[in-house]
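Number of protein chains: 2
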Amino acid sequence: MADELNERSQNILEAIVKDYIASAEPVGSRAITRRHSFNLSPASVRNVMSDLEEMGFLCSPHTSAGRIPTEKGFHYYIDSLLQVRDLSDAEKQNLLSSYRFQGMKMDDVMQEVGRVMSGLANYTGLVMAPKFASTVFRQIEFIRLSHGRLLVIYVSESGLVQNKVIDADPSLTNRELEQISNYLNRELTGMSIPQVRAKIAKQLQQERSRYDQLQKRALNLSSAALQDEGQELVFVSGTSLMLEQPEFSTPEQMKRILRTLESKQQLIELLDRSQQADGVQIFIGNQSSHAEIDGCSLITSKFSNKKGAIGTLGVIGPMRMDYSQVIPIVDFTAQLVSRILEREAE
Amino acid sequence: MADELNERSQNILEAIVKDYIASAEPVGSRAITRRHSFNLSPASVRNVMSDLEEMGFLCSPHTSAGRIPTEKGFHYYIDSLLQVRDLSDAEKQNLLSSYRFQGMKMDDVMQEVGRVMSGLANYTGLVMAPKFASTVFRQIEFIRLSHGRLLVIYVSESGLVQNKVIDADPSLTNRELEQISNYLNRELTGMSIPQVRAKIAKQLQQERSRYDQLQKRALNLSSAALQDEGQELVFVSGTSLMLEQPEFSTPEQMKRILRTLESKQQLIELLDRSQQADGVQIFIGNQSSHAEIDGCSLITSKFSNKKGAIGTLGVIGPMRMDYSQVIPIVDFTAQLVSRILEREAE
DNA sequence: TGTTAGCACTCGGTAGCATTGAGTGCTAAC
DNA sequence: GTTAGCACTCAATGCTACCGAGTGCTAACA
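In the order they appear, the protein sequences are chains W and E.
The opening position of the first sequence corresponds to residue 12 in our numbering, with each subsequent residue numbered one higher.
The opening position of the second sequence corresponds to residue 12 in our numbering, with each subsequent residue numbered one higher.
By construction, these hints were calculated from the structure, which means they are not laboratory data.
Ideal Cβ positions, reconstructed from N, Cα and C, are used throughout, including at glycine.
Do not take every clue at face value.
Some chain E residues well away from chain W (every beta-carbon gap over 10 angstroms; in silico) [as the list claims (entries may be wrong)]: (1) Glu36; (2) Ser61; (3) Val95; (4) Arg96; (5) Leu107; (6) Gly170; (7) Glu255; (8) Thr261; (9) Pro262; (10) Lys266; (11) Asp333.
Rough simulated footprint, nothing fancy, chain W against chain E, three-plus residues with beta-carbon under 8 angstroms [stated by the list, open to error]: (12) 17-27; (13) 149-155; (14) 269-280.
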């Protein structure tokens with residue numbers, strides 16, 4: 012359906028969406044004519060609104076209330092009417108100065124980014140750190156904690172640090188450990204984790220016949236060390252901002268949205284979808300997704316460096332979100348994080 | 012005020028508290044006689060209740076409602092009437108089997124403990140990890156991330172691992188780094204962090220005259236590496252369980268309690284107070300504390316090993332909490348975590 | 001003297017009902 | 001094509017009456 016709207020209809024739709032974003036209440040024809048100076052009477056506006064409802068851009072909660080934009084209405088607004096202003100240099104500078112990344116580990120950076128972004132946008136912030144499996148091997152080190160327990164430190168090309176405790180043969184000497192890490196660092200650097208895994212698996216198969224004792228141990232150790240725990244890191248900040256929204260003002264809605272924000276798994280599924288495309292992505296309403304975030308919109312952008320660490324960040328809020336404000340914030344934040352990742356990578 | 016209650020009063024108080032815990036509603040004299048088979052008429056019960064109210068154990072929200080226990084009433088109930096049954100071995104076993112700690116880092120263990128404890132108790136769980144400053148130095152290692160950036164891995168006696176990125180003199184060779192970590196591990200092992208700091212500060216003062224270049228570098232590096240970021244690790248699990256409680260059913264109460272649970276700082280202050288004493292501690296209502304958790308009770312216990320890492324865990328819920336169920340869970344969980352810490356320490 | 005039955009009273013909660021006001025759709029006039 | 005007018009709808013508000021759980025008090029009972 013090629014929905015061409017004439018200029019008047021566009022103006023009125025835009026006015027309705029804006030008013031609704033500002034007030035969270037159905038907006039009526041009178042209110043429109045009062046607040047926006049079209050030279051039209053309420054009755055004329057009503058005619059247009061009626062058409063817009065016919066076309067599916069608006070709906071009315073009941074006969075004698077005003078209209079609210081539908082999902083489709085928001086879509087049209089965002090795609091055709093919304094002008095996203097870029098952040099001014101001053102604003103960017105201001106945003107940058109909110110951050111203090113000095114000496115922070117990746118996790119902390121993610122958390123901090125979420126916190127600041129959420130605070131700026133005034134909506135709940137989501138950050139999903141790059142997945143372990145999507146990183147590229149750079150370095151691995153072993154530190155002995157006790158006889159049979161080793162701390163593995165894995166550093167990816169993008170500077171992501173992950174550590175993990177594994178059990179290991181107590182008879183390994185420190186010298187051997189060092190040799191093993193040297194060996195692994197020589198062999199595996201620059202490979203993606205799936206490649207690394209494949210290589211290890213292959214060599215372990217051949218190992219029986221060809222490899223010496225040390226190599227066998229190295230392979231076993233790295234196999235354990237690089238096992239993916241599948242633990243995704245999702246950081247949620249400003250949860251309570253969500254509850255400030257009038258659309259989640261009833262206890263039931265509050266509980267529902269909160270349970271969703273608490274369930275990392277659901278968030279991961281949501282955020283995963285935005286890793287498909289570049290740039291800022293906007294998911295409005297429950298479009299083809301879980302009903303869990305019914306009535307919510309999600310504005311996300313993935314971040315990455317050239318070395319392949321890919322994460323996603325974004326903001327979640329009511330469908331009636333202040334898109335023109337939030338979109339540039341998410342966009343810029345994602346670029347910022349990408350730049351930090353680059354820097355970390357060297 | 013030595014509030015001696017005769018047996019009948021005790022029985023009735025106990026019945027009221029129990030009924031209130033179960034129903035969250037004011038309980039009246041009739042309800043008492045119906046549900047508990049005292050051989051008393053409602054009128055007699057009323058007399059006793061009136062006395063109990065006089066003494067401050069009960070209060071009534073308004074004239075024609077039943078009574079609810081006051082803070083003092085809950086106190087008396089917990090101190091004198093409550094019989095905390097221990098967990099049976101089967102239950103302990105069941106609890107133990109909920110956990111899978113294999114290969115987990117300290118952070119993950121804390122998070123997992125909170126999750127399971129919260130799920131078992133059916134209230135919101137809080138875990139505060141041992142503070143960096145309260146640990147005892149065991150080992151430090153440096154891993155070069157890029158020319159001027161080092162990853163510091165600090166391991167405490169109790170097995171707590173902390174890592175951190177610091178900037179360092181790019182001219183340091185790997186060999187020198189190794190010498191530095193050897194030097195620090197030799198010098199500092201077994202000292203508490205405050206002791207370590209004092210020692211470093213003192214030596215840095217003397218350094219100008221006496222120490223060689225490497226030692227100077229070692230001291231500078233360790234000074235940066237062991238700086239406390241003061242980042243306390245508090246894990247909150249099962250936030251939404253709190254909202255299920257009828258006492259937090261209005262949107263305003265929900266927002267208030269949620270903001271509190273979101274503010275790590277407030278939680279830290281609360282949890283800090285329970286590090287004073289051993290065993291399970293119970294904070295009822297807002298007793299001498301922030302009004303933020305008005306109407307809440309906090310059941311906590313600290314955990315620690317002999318090497319000094321001290322953390323706190325507990326459960327927060329409405330004053331009307333199922334104490335007899337929660338207390339043994341918190342108690343056992345704290346012991347469990349202590350044992351894990353011991354094991355980590357070797 | 002302690003216990004109980006009876007009774008008047010209190011007060012939050014709910015259901016019913018009229019009123020109000022913002023909003024709509026329709027029609028006829030401009 | 002636009003607008004003024006009008007009848008209509010419906011959530012929200014306020015009012016009243018009523019119900020019921022609960023209390024305190026008093027008088028009778030064991």
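| task | Hints the structure violates: just list their numbers, smallest first. | result | Hints 6, 7, 8, 9, 10, 12 are the ones this structure does not satisfy, whereas the remaining hints hold.
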